[in-house]
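Q: Protein sequences, first through last, are from chains A and B. Using the working numbering, the final residue of the first sequence is 465, and nothing's skipped along the way. Using the working numbering, the final residue of the second sequence is 465, and nothing's skipped along the way.
It should be emphasised that the hints constitute simulated quantities derived from the structure, not laboratory data. There's no promise every hint is true.
Which stretches of chain B does chain A cover? Using the computed rule of at least three CB atoms under 8 Å from a CB of chain A, they are [said to hold, decoys possible]:
hint, stretch
1, 64-78
2, 384-393
To be clear about the criterion: a stretch of chain A counts as covered by chain B if any three or more of its residues have a C-beta under 8 Å from a C-beta of chain B, and this derived list gives those stretches [claimed, not checked]:
hint, stretch
3, 67-80
4, 415-426
We put the beta carbon where it would ideally sit given N, CA and C, even for glycine.
Spelled out from the first residue to the last, the chains are:
There are 2 protein chains.
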Amino acid sequence: MLEHPDVLLGAARRLAQMPRRLAVIGGDAGGMSAAAVAKRREPELDIVVFERGAYTSYSACGIPFHVGGEVDPLETLVARSPEKHRVNGLDVRMGTEVVAVDLDARRLTCAHGSEERFDELLIATGARETPPPIAGIEAAQAARTLESAGRLRSAVDADPDGSAVVIGAGYIGLELAEAFVRQGLHTTLIDVADQVFGSLDSDMAERVQQAAEGLGIVVQLQTRVEEVLLDGDDRPRAVRTDRGEVPARHVVVATGVKPEITVAEAAGLTVGKSGALAVDDHQRAAGQDGVWVAGDCSESHHRLLGRAVNVQLGTHANKQGRVVGTNLTGGDLVFPGVVGTAITRICALEIARTGLSEREAQAEGLDFVAETVETDTRARYMPGAERLWVKLVAERGTGKLLGAQITGGETAGKRIDPLAMALWTGMDVEELQWVDLSYAPPVSGTLDPVLVAARATAKLV
Amino acid sequence: MLEHPDVLLGAARRLAQMPRRLAVIGGDAGGMSAAAVAKRREPELDIVVFERGAYTSYSACGIPFHVGGEVDPLETLVARSPEKHRVNGLDVRMGTEVVAVDLDARRLTCAHGSEERFDELLIATGARETPPPIAGIEAAQAARTLESAGRLRSAVDADPDGSAVVIGAGYIGLELAEAFVRQGLHTTLIDVADQVFGSLDSDMAERVQQAAEGLGIVVQLQTRVEEVLLDGDDRPRAVRTDRGEVPARHVVVATGVKPEITVAEAAGLTVGKSGALAVDDHQRAAGQDGVWVAGDCSESHHRLLGRAVNVQLGTHANKQGRVVGTNLTGGDLVFPGVVGTAITRICALEIARTGLSEREAQAEGLDFVAETVETDTRARYMPGAERLWVKLVAERGTGKLLGAQITGGETAGKRIDPLAMALWTGMDVEELQWVDLSYAPPVSGTLDPVLVAARATAKLV
Chain A
5 MLEHPDVLLG AARRLAQMPR RLAVIGGDAG GMSAAAVAKR REPELDIVVF ERGAYTSYSA
65 CGIPFHVGGE VDPLETLVAR SPEKHRVNGL DVRMGTEVVA VDLDARRLTC AHGSEERFDE
125 LLIATGARET PPPIAGIEAA QAARTLESAG RLRSAVDADP DGSAVVIGAG YIGLELAEAF
185 VRQGLHTTLI DVADQVFGSL DSDMAERVQQ AAEGLGIVVQ LQTRVEEVLL DGDDRPRAVR
245 TDRGEVPARH VVVATGVKPE ITVAEAAGLT VGKSGALAVD DHQRAAGQDG VWVAGDCSES
305 HHRLLGRAVN VQLGTHANKQ GRVVGTNLTG GDLVFPGVVG TAITRICALE IARTGLSERE
365 AQAEGLDFVA ETVETDTRAR YMPGAERLWV KLVAERGTGK LLGAQITGGE TAGKRIDPLA
425 MALWTGMDVE ELQWVDLSYA PPVSGTLDPV LVAARATAKL V
Chain B
5 MLEHPDVLLG AARRLAQMPR RLAVIGGDAG GMSAAAVAKR REPELDIVVF ERGAYTSYSA
65 CGIPFHVGGE VDPLETLVAR SPEKHRVNGL DVRMGTEVVA VDLDARRLTC AHGSEERFDE
125 LLIATGARET PPPIAGIEAA QAARTLESAG RLRSAVDADP DGSAVVIGAG YIGLELAEAF
185 VRQGLHTTLI DVADQVFGSL DSDMAERVQQ AAEGLGIVVQ LQTRVEEVLL DGDDRPRAVR
245 TDRGEVPARH VVVATGVKPE ITVAEAAGLT VGKSGALAVD DHQRAAGQDG VWVAGDCSES
305 HHRLLGRAVN VQLGTHANKQ GRVVGTNLTG GDLVFPGVVG TAITRICALE IARTGLSERE
365 AQAEGLDFVA ETVETDTRAR YMPGAERLWV KLVAERGTGK LLGAQITGGE TAGKRIDPLA
425 MALWTGMDVE ELQWVDLSYA PPVSGTLDPV LVAARATAKL V
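Given only the sequences and the hints, what does the whole structure look like? Please build it.
A: And the structure:
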């Protein structure tokens, strides 16, 4: 009987007294949380991390706040530097891109030609931008990595009276547009869709658009950017759209990102329908022993849809990294999946969602009811009370909560969390309306907005 | 066979073509929500409400904000006036105290002597203060009703440079002390206990005390008030305690309230161990047909303790009133109980709790672990991030969540709601740490504070 290569390698390693070696590709949330957990659990494990950029463990979610001048300097966004990781015993190789992986030989190749062996491999390569294939797009900026964020901020600082165009009106596009307005730029937000914030239903998205426009952002929907027009120095001067030209000294692409899976796919890992790497519930690459996946390049089990999706969020990356770091050191942790929770604050409006939107429920062919209530962030008589909208989607007949969306003033957003709990536990709106949620005049009306929404929705079920 | 009196009355009513009549004793949250729901569901129901005070449907929770000058005028705290209730078809009798109820005869007697018949009766008499039995206490103020709140505020307005003593350092005492400080009074908060905010564990309560002291409130614990000392006009000039005299132009009692059950008890209703009226899960007075109870005078099923407790909170009163209004008009609603959630904001510190504190778990003889984490209300690099503490209590072995306490800066408090959901559904901390709660830099670190706390607690289970 032929031995599995792993067994042979393990035997060889023991003979050579080489320590077991984990190679991590990607030095942000997924990769570094896995590395840190693994090192803590198994100090003798040899861990080498390959990061093609100049930063480890940074908050990509914080980039718009640096661009807008709220968070300075750029390095504030770094939770843990390569030096600190090295002090903890991790061999961190910065500016080192892995270009090929040979799973059978347990070796990987870096861009500068060197080869490295590994026993365990973690793919935590994150995601990459997907700029539209139009002329001049290479002159546009991005804000995906700290390096690109730093360049963008420098460009804004150098030319603070100019104009800006953000291509893509998703939540990152909105956040960047707000950042530009904060910096005093005349800012236009352009999207081909007929609404901003595509993961909200259009009724909720309308309030987001109003808030953006209230801040001075020009929102151009159903508009396609066809070309970035350059000046004599090959810098943007405008974008040409199917509805005319828009002046733009700064052009930023925020049309979404795709899982960065080039090397993993070439190495033979399975790519799921979502376009991200397929994993089992232990974050093991599908069908592979000793190969792990975490973060934005990984699929995640969606607990409501019952299938794998790709959700790119630091909080999932962090958890998945912990699952990997535990499992590859003899532990047994399951990543229990996601329910599609997201939150942001744009132009003083807090926005949150979890589960399925009405549109998504429709696309799934579900029979559902939906209801929106308008209420307040505090008792209405309290100074500082602001309006708040809660929209719920529930299964017709059973009343099972399918999704929730919230927009509103300060403190509105985090009210999505009890709704995420309801989705997680499969609660129906009939029960939800009775839950003992907190009440006091400075934080809600007599009935918490979540309860008010559940009650209104329960009537339709 | 003798007919039950109800049956005979019903027959007599039909013969006389008298409409079925509901009498409600008490015109605040419990009584009026029941009356409103019942009228909507059964417009021909004759509903008469007896309120001994001058206001209906008001927010007692908002009183400290009026005393402190944040909410003006007093009437702002009234959600619905007697006139508005009358427009909706309710017969509301103001300034009318019910002094006796004859359940067999289905008649009640008012203080001014008139008698009224009823078919269904709702006891929603709320609660009353329990001032300590000391000399001069009648010169102290209270802030339980809108009337007393109005008098207190007038007294403060008339004598704004004086000093104040609040007896009782529970959350209402703390809120009133803050109100006095806002009004410029030199304020001392006195309690016999060795900590403020008795429903928190002492480690969490210490932060509340620090916040109160930071605002200028003098906190005197383990101190017993023995007398309110009066001036020549029989107005307070000081309180004498077992630790000396404290000057006080204004003295307010906030030593807690008891269910107001005098009339109900005399009528033969069952009083539970908690001191409130015993009810079944439909808010029916124990063992009584056609007699209902809602609000602060009612017991509530505590889902964790598995027994009846008395929790006085507008949100429960509102829900229980709805249960009563539905059930007495042919509906079938169950009040599913409470888990002990409470929230407040004192001196810029948000404070919340749900379930059992460590002390309460100990008193129940439970085997538990407890852990506190210190984290932030936003990503640490965000402007406006404030410290936040989450304490969890979980059953040893199973990890089942037993309780949670939160103190911290703005937005800290409402984070208790996902924890209330976890208690409600019986979730353990091992699962809780993985839930898909919302994350974005303006509202939390990469892992929500609830998840961080669950993770830390799970390690001890």
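Q: Could you tell me which of the numbered hints above are not met by this structure, giving the numbers in increasing order?
A: Violated hints: none; all satisfied.
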